[in-house]
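Undergrad: Sequence:
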Amino acid sequence: MSFDMQYQTKCLFQDIENGQASTIEWRSISKSSSDRHMREHSNVFSEEDADEVPLNVVVTSPVPRSKPLENFLNQAGGKVYINADHGEAEGSYKICFTAKDTATAQDVKLLVDWRVGALAQDWEVLAKKEHIDHISVELKKYEDLVKEMRQEMLHMKKVDKVGYQTRETAHKRVEFYSFFAMIVCIGFTVGQYFFLKKFFKNKKLL
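The letter at position 57 of the sequence shown is residue 121 when you use the numbering used here, and the numbering goes up by one with no holes.
Don't read these hints as lab results, they were simulated from the structure.
Treat the hints with caution; some may be incorrect.
Across the chosen pairs, the derived CB separations fall in these ranges [stated by the list, open to error]:
#: 1; residue 1: ASN82; residue 2: GLY251; range: 48 to 56 angstroms
#: 2; residue 1: HIS219; residue 2: THR166; range: 51 to 59 angstroms
#: 3; residue 1: ILE247; residue 2: PRO132; range: 55 to 63 angstroms
Beta carbons are placed, not taken as given, at the ideal position from N, Cα and C, and that holds for glycine.
Build the full structure now, drawing on both the sequences and the hints.
TA: Below is the structure:
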């Protein structure tokens, strides 16, 4: 994906399950140089040829007060490998890009490819490393995708169970408060009846 930086600091967030692999490949280019090259080369131009803009980049995990996973200084591109291990900590992994000033940030376009799970695996490198053919690599890729889908389904099932329990608890509370409100209304009605009856008797209207 690609987007304009706009502000001096721009952050992206991603939920990653424990044990999942993830890769972030990023590059920062100058929008003005890109536009200039487009004009000069009659629209025959690739973002790969654009001028790069160095940024400070920090990648952090959800673990409170932990050290950054990666810290790039004055770099215009890079690749980060993450093997999620955040224990019981809740939250998202985060990558933040910081320019030297707002003016620089407004001229920056970020190109980010953040992959999670089976999509994060470098299958070509794996094939060369383990000396396996293309078909075996594809099978391995689909096997990992199926495992990832199963984990996602189990996670969704767990979330649905928690949601069901929450709905049941809320339903019981609504029933209790409805019953309580009904008792209060009946009590007020009965009390009002006897009050009015006594009032009219005292006024000798009954």
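Undergrad: Compare the structure with each hint and give your call.
TA: Structure-based check of all given hints:
The hinted window of 48 to 56 angstroms between ASN82 and GLY251 holds, with their beta carbons roughly 54 angstroms apart. At roughly 40 angstroms, the beta-carbon separation of HIS219 and THR166 lies outside the given 51 to 59 angstroms, and the hint is violated. Judged by the Cβ atoms, the range 55 to 63 angstroms given for ILE247 and PRO132 holds: they are separated by roughly 58 angstroms.
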